[in-house]
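Visitor: Protein sequence lines correspond, in order, to chains F, W and G. Note that the first sequence covers residues 1 to 123 in the working numbering. Note that the second sequence covers residues 1 to 896 in the working numbering. Note that the third sequence covers residues 1 to 88 in the working numbering.
What the hints contain is simulated information worked out from the structure, not anything from laboratory work. A few of these clues could be false.
Once the Cα atoms are required to be at most 25 Å apart in a straight line, the calculated DSS-like pairs of lysine-lysine come out as [unchecked claim]:
#1 F:K45 <-> F:K59
#2 F:K59 <-> W:K799
#3 F:K89 <-> F:K59
#4 W:K90 <-> G:K75
All figures in this text were calculated on a predicted structure; none of them were measured in a lab.
The lines below spell out each chain.
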Amino acid sequence: MGKKVLLIEDEPNIIEAISFILSRDGWDVATHSNGHDAVDVVRTKSPDMVILDVMLPGKSGYEILRELREDTSMRDLPVLMLTARGQSKDREMAERAGASRFMTKPFSNAEVLDAVRDLVLQS
Amino acid sequence: MGALNVLVAVCLCYVAFLFIVAFAAERSALRGNGAWLRSPLVYTLSLSIYCTAWTFYGAVGYAARSGLEYLTIYIGPSLVMIGWWWILRKLVRIGRSQRITSIADLISSRYGKSNTLAIFVTILAVIGTTPYIALQLQSVTLSFNVFAQSQAGADTDVLRETTAFWVALGLALFTILFGTRNLDVNERHHGVVMAIAVEAVVKLFALLAVGVFVVWGLSGGVGNMLDRIETSEIGMWQMQGGRWVSLIFLSAAAFLCLPRMFQVMVVENENEGNLRTASWAFPAYLMLMSLFVVPIAVVGLDVLPKGANPDLFVLTVPLASGQEGLAVISFLGGFSSATSMVIVAAIALSTMVSNHVVMPIWLAVTGHGASFSGDVRKVVILSRRLSIAGVLILGYLYYRLSGGGTALALIGLISFAGVAQFLPALIGGIFWRGATRTGALAGLTVGFVVWTYAMLLPGFGQGTILPTSVFESGPFGIGWLRPQAFFGIQGMDPLVHAILWSISLNSAAFFVASLLSFPNPLERLQGAQFVNVFDHSQNPQSWSGGMAQSEDLMIMAQRILGAREAQRLFEREAKRQGIQGVLPETTPEFLQVLERELAGSVGAATAHAMVGQIVGGASVSVRDLMAVADETAQMMEYSSQLETKSAELTRTARQLRLANEKLMQVSHQKDAFLSQISHELRTPMTSIRAFSEILREGGLSDAEQEKYATVIHSEAIRLTRLLDDLLDLSVLENGQVSLNLRKVQLSDLLDTAISSALSGVQTSLLKIRRDQAQEKYAFTTDPDRLSQVFINLISNAQKYCDGDRPVLRIETMEQDGRLLVDFIDNGSGIPRESQDLIFEKFSRVSPQKAGGAGLGLAICREIMVRLKGEINYLPGQGGAAFRVSLPLRQVNENAE
Amino acid sequence: MKNPGKRVFVERDGYRRRRLLDCLRVLPMLGAFLWALPLLWSSDPQAGVSTADAILYIFAVWCCLVGLGALLSYKVGALQDSDRDSLE
């Protein structure tokens with residue numbers, strides 16, 4: 001029984017790709033594709049880790065992350081942030097919001113897998 | 001001599017009685033329990049000085065000569081009184097709020113406190129009034145003569161010589177005694193007013209008594225009387241319309257302008273409420289005064305021998321009937337009429353002469369400002385007394401020189417027409433802000449010249465002063481200047497002619513000169529104060545003050561007001577300013593109060609000049625100018641200007657703020673441009689990279705392989721499209737685009753756009769409604785570019801319209817030479833704050849929703865700019881709405 | 001900002017008050033009209049109005065005007081005493 005990963009991302013093709021890579025590696029992947037209720041979804045699904053895109057309809061990834069971190073039960077939840085903007089200030093913002101790791105698109109599949117494994121092991 | 005002696009005795013008693021009445025009134029006013037002195041009844045009765053000896057004796061004579069025409073002399077004033085709300089109310093309010101002392105003061109004050117104007121009006125008033133005073137003296141003399149003639153042995157010649165003299169002397173004494181007892185700040189004379197009120201009762205009673213005697217004693221009742229009127233000469237009277245109307249107008253005008261009427265009506269007015277009562281009570285008085293005139297005239301013509309002077313019927317009819325007692329009463333009535341008129345006229349004229357002629361001269365002669373010595377108060381009273389004496393001497397001399405021959409009525413009318421020349425300046429002054437001093441002077445001058453030439457001089461008879469040739473062929477042979485036929489209009493009644501021309505030329509000169517001249521600030525200020533007296537009954541102009549020495553002002557005020565009065569005033573003002581002691585600060589407010597108090601004694605112009613001498617700079621101050629600017633009308637104008645300006649400012653500020661907001665947003669967008677490009681490029685590349693790695697690793701089913709290859713393919717296409725869009729936009733922005741212009745049909749263009757916009761979408765719910773009949777426009781454009789715009793708009797609607805049953809309406813119309821194509825959907829539209837941004841690059845109302853790069857509308861805008869058209873968001877259409885407009889220069893007329 | 005003291009519409013009492021003042025303003029015009037009527041009478045002494053009748057007519061007008069004037073000034077006086085401002 002693999003650990004549960006929640007992928008919050010709005011690009012259908014990217015969802016497809018990441019789901020495929022992680023499932024093949026034995027992870028239990030759940031997906032969600034908008035920002036409004038992302039926090040609630042995280043609460044109800046209580047995954048072992050979250051992959052969070054920054055640009056989401058309704059609510060930005062930073063805001064979702066901030067809310068998650070305010071909740072004591074999810075303060076230590078590993079969160080991998082994905083962004084398509086490659087600027088350094090995006091990385092800073094992610095770190096300030098409390099991201100466990102930050103990754104710029106496009107990434108190699110191996111990178112994603114490594115990151116996910118590391119984060120789950122660390123926790 | 002018996003009857004005559006009795007008459008003289010009665011007369012003296014009567015005069016003594018009047019003295020006592022006047023004295024008692026003054027006393028009780030001084031003690032402060034003179035409320036009854038200010039009653040409406042006393043006010044109404046005091047107005048009766050309008051009814052002079054001319055009325056008392058002359059009206060009967062007038063009726064005997066001209067029938068009912070005498071009534072016009074009473075109808076005019078009745079109308080003025082009944083219409084008190086229009087003119088009199090305003091005059092009284094102005095008189096009270098500006099401390100007006102005479103009609104000359106009113107006119108001078110209205111036109112910028114001009115002393116020139118005051119002197120002018122004063123002189124004209126003296127010219128107009130002197131014959132009238134002579135007339136009163138004459139009437140008293142004549143009435144004495146009647147008694148004298150009724151007994152043998154009386155020396156009528158001596159009587160004629162002496163009566164007028166003694167009467168004039170007695171009147172001068174009375175007037176001086178009660179008219180100048182004190183320098184009342186309000187120019188009110190309780191003693192005099194009370195005396196003339198008593199006289200008013202006496203004359204009314206006398207005339208009614210004679211009338212009752214004539215109707216019931218001699219004619220046997222009303223019915224018989226009316227029959228008698230029918231059969232008499234007067235019964236054959238025919239109305240002359242011109243005279244009827246002119247005389248009503250003339251008497252109304254004179255009622256307002258006669259100096260003595262102004263004195264009792266405005267200056268002596270204690271309470272505006274009195275006017276209300278007088279408005280109907282005085283017409284009633286006039287009605288009673290004129291009630292028995294015709295019967296007396298008819299009976300007089302019947303009873304007395306032919307050639308008897310009809311002017312004396314009031315006396316001679318009772319005498320002829322043996323009613324000596326009644327005749328004495330009647331004599332007292334006439335005497336009362338004459339004396340009350342002379343007294344008030346003398347007071348009014350002396351105030352004017354003293355304030356506007358003597359005082360300014362005296363001030364100019366005796367030095368400057370506070371340095372003059374002596375008590376001005378004494379000087380003022382002395383000059384007032386001398387003026388009274390002077391006025392009466394003038395009247396007496398006129399009487400002696402003219403020989404007292406002319407019919408009473410004629411003198412009366414000439415005098416009326418003379419003072420009526422004040423009317424345009426007076427009425428214009430209180431109702432028309434545009435009236436100027438120059439206008440008033442011009443009008444008065446023209447009016448008086450015409451009056452003198454067409455009425456006064458001919459009144460002495462042809463050949464007396466003006467040679468007969470002037471009447472026949474005009475002065476120096478100028479035909480159209482004949483005194484009684486101006487401009488060659490012949491056959492007009494001389495009286496109507498003179499009134500018509502003098503008043504109309506006067507008014508015209510007044511009006512035109514007012515229009516052409518420009519008033520000085522003080523005139524404008526006073527004009528506003530007078531015309532809008534009900535809006536601000538306070539505050540005439542104010543002094544700049546500051547430099548004036550309170551002490552100097554005190555010295556001057558003491559001289560004019562008397563020491564006690566002045567000290568009381570200064571103390572009161574000091575207290576009001578919160579200052580210990582007697583001397584207040586010379587604030588503009590204080591100077592204004594002081595000037596007004598002084599004006600009550602010496603007239604506005606003089607008071608202004610006196611304070612000016614001390615304060616230094618009698619010119620108008622900045623404060624005055626500001627006060628001018630404060631006038632209500634200007635205030636409103638100014639405030640509406642301010643409102644406009646502030647609205648303009650608000651608009652500009654809003655535009656600026658909007659521009660600023662947009663700039664900030666645009667700059668923010670520019671800043672975000674790179675990261676946007678980065679995002680747009682990286683997102684598809686992420687999928688491509690991930691799936692290509694998956695494919696490379698192998699181990700996939702065929703279906704999976706194909707699926708992932710398709711993803712890679714479509715993402716590659718998306719990348720390409722993005723790059724195309726970017727290039728397209730860049731080309732459009734740099735103006736490097738080459739247009740491929742062709743003639744097209746709008747409906748065709750829309751057909752292709754719709755089909756290609758919806759082609760890639762399998763399950764489009766979007767319904768498109770259009771009216772193809774509307775779309776019959778053929779025009780020249782770049783069809784590819786324009787349909788690119790249309791496609792973009794249609795696919796936007798297809799993608800973003802969030803209505804339950806999405807509908808896109810496409811509406812076409814022509815407006816102001818432009819072709820308008822609207823695309824309106826029924827979704828929730830674009831929020832207000834985003835509407836300004838949607839045409840910017842990479843702006844998307846709902847990010848990520850449809851995978852576009854947010855360049856579509858930016859491209860559309862650029863295309864429309866190239867096509868010399870526009871694309872705009874149309875707010876308030878229910879859903880998202882875009883308007884594409886194209887100039888019709890490119891668009892030809894309707895294809896059909 | 002524009003003349004705060006004057007309102008465009010007034011309550012019923014104020015309205016009555018203004019119409020009363022209108023009457024007061026019209027009264028002199030009525031008088032002038034009635035007194036000008038003799039101008040229209042025939043000037044022919046046989047057919048026209050006799051002098052006695054003319055006297056009666058003119059004095060009747062006078063009485064009416066005095067009566068109306070008294071009535072109106074009494075009413076206006078009552079108003080002016082009750083409040084002075086609204087009349088200006």
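Visitor: For each hint, tell me whether it holds in the structure or not.
Guide: Checked hints:
no., hint, verdict
1, F:K45 <-> F:K59, "holds, 19 Å"
2, F:K59 <-> W:K799, "holds, 20 Å"
3, F:K89 <-> F:K59, "holds, 19 Å"
4, W:K90 <-> G:K75, "holds, 19 Å"
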